[in-house]
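K.L.:
Going by full-length UniProt numbering, the letters in the sequence shown line up with residues 1 to 295, in that order.
Incorrect hints may have been included.
[Said to hold, decoys possible] Result set (DSS-like, lysine-lysine): computed pairs, CA atoms no more than 25 Å apart in a straight line:
#, residue 1, residue 2
1, LYS132, LYS248
2, LYS248, LYS125
3, LYS74, LYS206
4, LYS206, LYS122
5, LYS248, LYS126
6, LYS132, LYS74
7, LYS132, LYS122
8, LYS74, LYS125
FYI, nobody ran anything at the bench for these hints, they're computed from the structure.
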Amino acid sequence: MVLEGREQEMEFDTLYAGWTSRTEILHEHVDARRVDALAATLDVSMDLAIGCALPAGWQWLFFNPVARRGELGKDGHPRRDTQSSFLPPVPLPRRMWAGSRMQYLQEVPIGSDVTRRSRITKLVKKEGRAGKLCFVTVEHRTGVKGADCIVEEQDIVYREASSASSRAETAPDAPVEFRQAVTADSTLLFRYSALTFNGHRIHYDKPYACEVEGYRNLVVHGPLTATLLQNFATSCRPNSRLSQFEFKGLSPLFVDEAFELQAWADADDSSLLQMRVIDTRGSLGMQASAHFESR
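Make a model of the complete structure from these sequences and hints.
P.N.:
Below is the structure:
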């Protein structure tokens, strides 16, 4: 059995060895109208005129894959067996964005032309409670006029088609200083899916989400939650600049079910906010941290 496991690992490493050097370069325009549309979707008011800084997390409006409808899988994601697919064709049916680590080096001006250089840096095969897993790490460098503005390491996890009803982690006590209540309705989910060109059916097709993927309702997008957390973080520290942010999704949040964004200063580092998202059942939906610098 040990030998068989080693042979499988060698086969996996050989099959995907070339993917860790795979790169992609994309160009986009930070369109002010799309930025305004996200502000309306999130129901926020801020200065978003041309030349102003794109808020943290809003870069996910751009560089999303535009796959033809015939290139989509049954889950609504672009199939990984097409020639245009940047991600590896890992033979596991479920795919989700597990978390990211971001550095905000410079502002991305609204109205600017931006370039994103992406590189697959790591593929790791694991066994978890839900069965077989494969983690793919992608580095994205988003820049203006040749200078990096945002560097992100994004973790994508592939898993087996097991039930999504895994036990959620109960949130421990924490010295919470800041709180914000959120309820994501179906209009918010629909608009965010449209703005990010996200066809994943768990966000808008309730029968599919419940009957096929095993969720109890429509699922709130992970990057949407992470965007809300970054907006919340900057409101907690209005006189400082967000320089780093990282998040990890732990359990799904659902449409029409209230959840709370929470933040508190790190006990050992005053420039650091510890953050999390808690649902009404006390389950930990997301953990995050936000590092700030003086302006």
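K.L.:
Compare the structure with each hint and give your call.
P.N.:
How the hints compare with the structure:
{"no.": "1", "hint": "LYS132 x LYS248", "verdict": "19 Å, holds"}
{"no.": "2", "hint": "LYS248 x LYS125", "verdict": "18 Å, holds"}
{"no.": "3", "hint": "LYS74 x LYS206", "verdict": "14 Å, holds"}
{"no.": "4", "hint": "LYS206 x LYS122", "verdict": "33 Å, violated"}
{"no.": "5", "hint": "LYS248 x LYS126", "verdict": "17 Å, holds"}
{"no.": "6", "hint": "LYS132 x LYS74", "verdict": "20 Å, holds"}
{"no.": "7", "hint": "LYS132 x LYS122", "verdict": "17 Å, holds"}
{"no.": "8", "hint": "LYS74 x LYS125", "verdict": "24 Å, holds"}
Of the numbered hints given earlier, the model fails hint 4 alone.
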